[in-house]
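**Q** Sequence:
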Amino acid sequence: MLKFFKDWTLPIAMLIGCIAYSWLIELYFITPYLIFVMLLLTFCKVSPRELKPRLWHLWIFLLQFIGAFAIYFLLADYNKILAQGVMICVLCPTATAAAVITLKLGGSAATVTTYTLLANIGTAIAVPIFFPLIEPHTSLGFFDAFLVIFGKIFPLLICPFFLALFLRRFMPKVQQTLLSWHELAFYLWAISLAIVTAKTLDSILNYKGDGVTEILIAIAALVVCCIQFFLGKQIGGIYQDRISGGQSFGQKNTILAIWMAHTYLNPLSAIGPGSYVLWQNIVNSWQLWKKRKHNENK
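By the count of this note's numbering, the sequence shown reaches residue 316 at its end, each step adding exactly one.
Read the hints as simulated data drawn from the structure, not as lab findings.
Possibly wrong hints are sitting among the right ones.
Said to hold, decoys possible - In silico DSS-like pairs for lysine-lysine, Cα to Cα no more than 25 Å straight-line:
1) K122 - K251
2) K70 - K122
3) K251 - K63
4) K191 - K63
5) K251 - K309
6) K309 - K63
7) K308 - K251
8) K308 - K122
9) K251 - K70
10) K122 - K311
11) K122 - K309
12) K63 - K122
13) K311 - K251
Stated by the list, open to error - What follows is a list of derived Cβ distance ranges for each label pair:
14) L202 - T281: 24 to 30 Å
15) I143 - F184: 20 to 26 Å
16) R310 - I143: 36 to 42 Å
17) I30 - S65: 32 to 38 Å
18) S65 - N313: 24 to 30 Å
19) C177 - I256: 30 to 36 Å
All residues carry an ideal CB built from backbone N, CA and C; glycine is no exception.
All chains, full assembly: derive it from the sequences and hints.
**A** Here's what the structure looks like:
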């Protein structure tokens, strides 16, 4: 039974989020703290010597940010909420648990963690610049909105990295203790997944509309998910790092994306990363199952 729960942690977390959504949405306020802790545990594993950018990082980085904005402008005239939902699925940085999944699949956790850091820095800079332009706040000018978003996003994404470096240099015993808990990041992600699934379900149930927009966003998220895993694997494969490339581009920090959508965009756009949670975890569960079958047949 324990093995079953370990193998299917992510689908079980989403199911719990749906069943207990009315209770779990009350815990939504802890989401930023969970993101911070997940990143801290992830970055504690990384030695600065291991942070070696690869050429495929550059190509995926460009695809992530240029692609996100291009998709928004292509779809905005047709349906702005759809455009926001799809855009944030591409813009969102790599999931903190991606290194754990990559390691389980036989890829390089170091290269994924390096890209996770690069993607988080890029997101921390791009979001405060871009979001005020696509979802203006009537009470704030562009520069004021930039400062508000930057003040919340940048510390959330970047401070865990600098804190991990500080602990490594000045408090190595604490860093080693956190290092021994690094797999906790995966289970914190599962808890966060249950909470944000509940929040997304609540948004869907309380949205007064015909349902067409929600369906379009969910379908678009599926298409984007498949394309990102495929392109990541193809680009990574050119540099003999296929698994890491696929996970870096395909596995997204949807908890962060849903939080950003609810906080700074139209809340309904959170259906994009909310449904992406389902699609990417189906892909991850299938990959892990395939890997287990391959190991059993050796």
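**Q** Decide, hint by hint, whether the structure agrees.
**A** Hint-by-hint comparison with the structure:
Proximity of K122 to K251 is assessed by CA-CA distance (about 16 Å); at most 25 Å being required, the pair is judged to hold. With a CA separation close to 21 Å, the supplied pair K70 and K122 stays within the 25 Å bound. Restraint check: the Cα-Cα separation between K251 and K63 comes to about 24 Å, which is no more than 25 Å; the hinted pair holds. With a C-alpha separation of about 13 Å, the suggested pairing of K191 with K63 holds against the 25 Å cut-off.
Proximity of K251 to K309 is assessed by CA-CA distance (about 16 Å); at most 25 Å being required, the pair is judged to hold. Note on K309 and K63: the hinted pairing holds, with a Cα-Cα distance of about 24 Å set against a maximum of 25 Å. Our distance criterion of 25 Å between C-alpha atoms is met by K308 and K251, whose separation comes to about 16 Å. Straight-line distance between C-alpha atoms of K308 and K122 comes to about 11 Å, which keeps the hinted pair within the 25 Å bound.
In summary, the hint linking K251 to K70 is supported, as the alpha carbons are separated by about 19 Å, within the 25 Å threshold. Straight-line distance between C-alpha atoms of K122 and K311 comes to about 13 Å, which keeps the hinted pair within the 25 Å bound. A C-alpha spacing of about 8 Å is found between K122 and K309, which places the hinted pair at or below 25 Å, so the restraint holds. A C-alpha spacing of about 15 Å is found between K63 and K122, which places the hinted pair at or below 25 Å, so the restraint holds.
Using a Cα cut-off of 25 Å, the hinted pair K311 and K251 holds, with the two alpha carbons roughly 21 Å apart. Between L202 and T281 the CB atoms are about 26 Å apart, so this pair conforms to the stated range of 24 to 30 Å. For I143 paired with F184, a C-beta distance near 22 Å keeps the hint of 20 to 26 Å intact. Under the hint 36 to 42 Å, the C-beta atoms of R310 and I143, about 39 Å apart, fit the expected range.
Evaluation of the 32 to 38 Å hint for I30 and S65 yields a pass: the beta carbon distance comes to about 33 Å. Here the CB-CB span from S65 to N313 is close to 28 Å, well matched to the stated 24 to 30 Å. The hinted range of 30 to 36 Å is satisfied by C177 and I256, whose Cβ atoms lie roughly 34 Å apart.
The structure meets every hint from the earlier list without exception.
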